[in-house]
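Student: Given the sequences, and given the hints that come with them, work out the whole structure.
Residues per chain, in single letters:
Protein chains: 2
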Amino acid sequence: MSETMRIMLPGPTPIPDSVLREMARPMINHRGKEFRVLFESITEDLKWAYQTRNDVFILTTSGSGAMEAAIVNTLSPSDRVLACVAGEFGKRFAQIAETYGASVDRLEAPYGSPITPEMVADKLRGVHYKAVLVTHNETSTALLNPVGEIAAVIRQALPDALILVDSVSGLGTAPLPVDDWDLDVVLAGAQKAFMVPPGLAFASVSPRAWAAHAEARMPRFYFDFGQARDFARKGQTPWTPAISLFFALARAMEMLKAEGLETIYARHDRLMRMVRAGARALGLGLVQNDDRYASRAVTGIYSPEGLHPSRIQALLQEKFGYVVAGGQGPLVDTIFRVGHLGYYDDTDMLGLLAALEAVLSESAISVQPGAAVGAALEVRRQSLHRAQESI
Amino acid sequence: MSETMRIMLPGPTPIPDSVLREMARPMINHRGKEFRVLFESITEDLKWAYQTRNDVFILTTSGSGAMEAAIVNTLSPSDRVLACVAGEFGKRFAQIAETYGASVDRLEAPYGSPITPEMVADKLRGVHYKAVLVTHNETSTALLNPVGEIAAVIRQALPDALILVDSVSGLGTAPLPVDDWDLDVVLAGAQKAFMVPPGLAFASVSPRAWAAHAEARMPRFYFDFGQARDFARKGQTPWTPAISLFFALARAMEMLKAEGLETIYARHDRLMRMVRAGARALGLGLVQNDDRYASRAVTGIYSPEGLHPSRIQALLQEKFGYVVAGGQGPLVDTIFRVGHLGYYDDTDMLGLLAALEAVLSESAISVQPGAAVGAALEVRRQSLHRAQESI
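So the protein lines, in turn, are chains S and L.
Numbering follows the numbering used here, with no gaps: position 8 of the first sequence is 8.
Numbering follows the numbering used here, with no gaps: position 82 of the second sequence is 82.
Note that these hints are calculated values from the structure, not bench results.
Glycine included, C-beta positions come from ideal geometry on N, C-alpha and C.
Any given hint might turn out to be false.
Using C-beta positions, here's what the derived DEER-type ranges look like [stated by the list, open to error]:
no.: 1; chain 1: L; residue 1: Gly260; chain 2: S; residue 2: Ser18; range: 35 to 41 Å
no.: 2; chain 1: S; residue 1: Ala364; chain 2: L; residue 2: Asp179; range: 52 to 58 Å
no.: 3; chain 1: S; residue 1: Gly321; chain 2: L; residue 2: Gly260; range: 35 to 41 Å
no.: 4; chain 1: S; residue 1: Gly321; chain 2: L; residue 2: Asp160; range: 49 to 55 Å
no.: 5; chain 1: L; residue 1: Asp230; chain 2: S; residue 2: Glu378; range: 42 to 48 Å
no.: 6; chain 1: S; residue 1: Arg106; chain 2: L; residue 2: Thr334; range: 53 to 59 Å
no.: 7; chain 1: S; residue 1: Asp230; chain 2: L; residue 2: Gly306; range: 27 to 33 Å
no.: 8; chain 1: L; residue 1: Glu34; chain 2: S; residue 2: Ala211; range: 56 to 62 Å
no.: 9; chain 1: S; residue 1: His385; chain 2: L; residue 2: Glu318; range: 57 to 63 Å
Tutor: Quick look at the structure:
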């Protein structure tokens, strides 16, 4: 029985020690100078991570609250909305829009498949949607949707449509240049790639989204971007913010800026490839077959025939301390998911793969000893080689 | 210039060291066993603080989000609602109900005066309100409304009406026996008397409120009590919770339970009387003249003629490190507010009063040396004497 808990979830993710220490700082006045300095510095840092000049707001809420904010700040009841649904989080985005009275059409990808630009282009023919909802990283199916290509298709067909992107678990794992791709509202969560405990979510708001905000008639109060904008001018949030998480985020952003966006993306890409190569070397199937659409945040792995994924989860935790996630929705009985977003390095993936090999072997699944770690190390070698060549 | 920051705000409040240390704990899986144990234990502790058998939910949000939750979970657009407004937070509660389409009548008390049961009884004559909104502790005017008496009047006139109580800054400072007073939804904030950094709010939900929830048609998603109830059965929250704040709250509840509700209320009552006696001894006016209606969480003090309250705030902070709050709404140019809810003791009040005396004296306001501290010590002496007699 391992007493160490090694969480490898698609959020919450491990928190660096120096970030955890910031969590323990005494309170300050959220209406005072010290908070204003903190607020303004973090806001600038987030714009860097978002690659945007748009407003970026920090909300004291979970990611789902930020999804609600994107809807209620830009839409009115009966607005026509296209929801791209490729899993549980796409469903949730659509459901929120419906809850507030939007007229929602769903573009559904089969479970495990991406939303493609072609599918979106088909749907946009002849229908003037006010907004399109897209999930960047669909955690439930370990999917990375091609948001840049999808956005290009939307802009071509409907230049004025709002593109609302749930990147709660995506931002910081894979490129999402908000201004280059002309995205209107983009949501992210602090407990994901940002290496901060849960409780904060972020939202960028484009000029097009502000124009929509001025007309939008869905009811909103706590999540009102207008209030957030008014208070941001004073370096404040409209409601009492989760101050400790602001302290933590400031430190985490220092670390992320020191690493650099390109290096962060390359690291997530490498960790994803290591886990995928390792799982394949153990004879396991992946929910995403095509690397292009494989999530950089989490990998969905099919459990071998006759071994329930919850059994793999239990053994990984009991014997090695690794906490991985189960499946969601229709995949609940067939897959487990390994998170690799945020504060992880190559060594973390090697340890997980070694433990996974042991668990399968002890469960009488035939595996080639050392195969998973060997395959992952080869990915690492090639990746470091490419990085050196590119210098 | 003092480098120590001594916050005496009506929230956030100082955090005990052992609670701060809990904030720095590593993350756990919010869908796992360890979280379930934490969740269930805190929920029971909160029911103790609420003196209720009703459901109590922990929401990852500020107090204002919990106010929104109370409205959208129990009401439908065009429902008739009576909002008791005695300051900025009463206004906010009314505004939220209107934002979501309720038909709101306002019962307004003059700034600084309480809502009395008589005023409420008058308003209820002949009108069948679906709900009455009441602020327990109105922070902006440092007012404690007589919620028990108000609730009794409501129940007599309208046995089925919902009583929705904003006690964001009140619960834990003064008695609020939720079941005895038959209150339907009661909101509280973690960053107030609960001695935890901001980011969590609580809501109790009565059977009457659940019946209303089943019929209520205001749109709700993130704040839906139904989702909270479904997930609570599994020891979970519907959305990723602010896990660090759960750790902190568990420790804070241990401290509160060790102190006991009666002792906590007596302490807040004593701190309030010490500050009031001290302010009066310095010749300063109080927003609440009547002790019965004086907030146990915060005291509103008029600045002397010719000295702007922001000047007193600045001097208290620069010279002594005390961070007190300014006024809100129409009182912004006339009062400052001293918070004394949560982790404070008598010594904290003596220090603040000594600093206040010095600041006034240095601002050429005539004060009797030692008068404020002397008066506060006398309150303390009498209070300890009474406590001894009652043993």
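Student: If a hint holds in the structure, say so; if it does not, say that too.
Tutor: Hint check results:
no. : hint                            : in the structure
1   : L:Gly260 / S:Ser18: 35 to 41 Å  : holds, 38 Å
2   : S:Ala364 / L:Asp179: 52 to 58 Å : holds, 56 Å
3   : S:Gly321 / L:Gly260: 35 to 41 Å : holds, 39 Å
4   : S:Gly321 / L:Asp160: 49 to 55 Å : holds, 54 Å
5   : L:Asp230 / S:Glu378: 42 to 48 Å : holds, 46 Å
6   : S:Arg106 / L:Thr334: 53 to 59 Å : holds, 56 Å
7   : S:Asp230 / L:Gly306: 27 to 33 Å : holds, 32 Å
8   : L:Glu34 / S:Ala211: 56 to 62 Å  : violated, 46 Å
9   : S:His385 / L:Glu318: 57 to 63 Å : holds, 59 Å
The structure fails to meet hint 8 from the earlier list, while all remaining hints are met.
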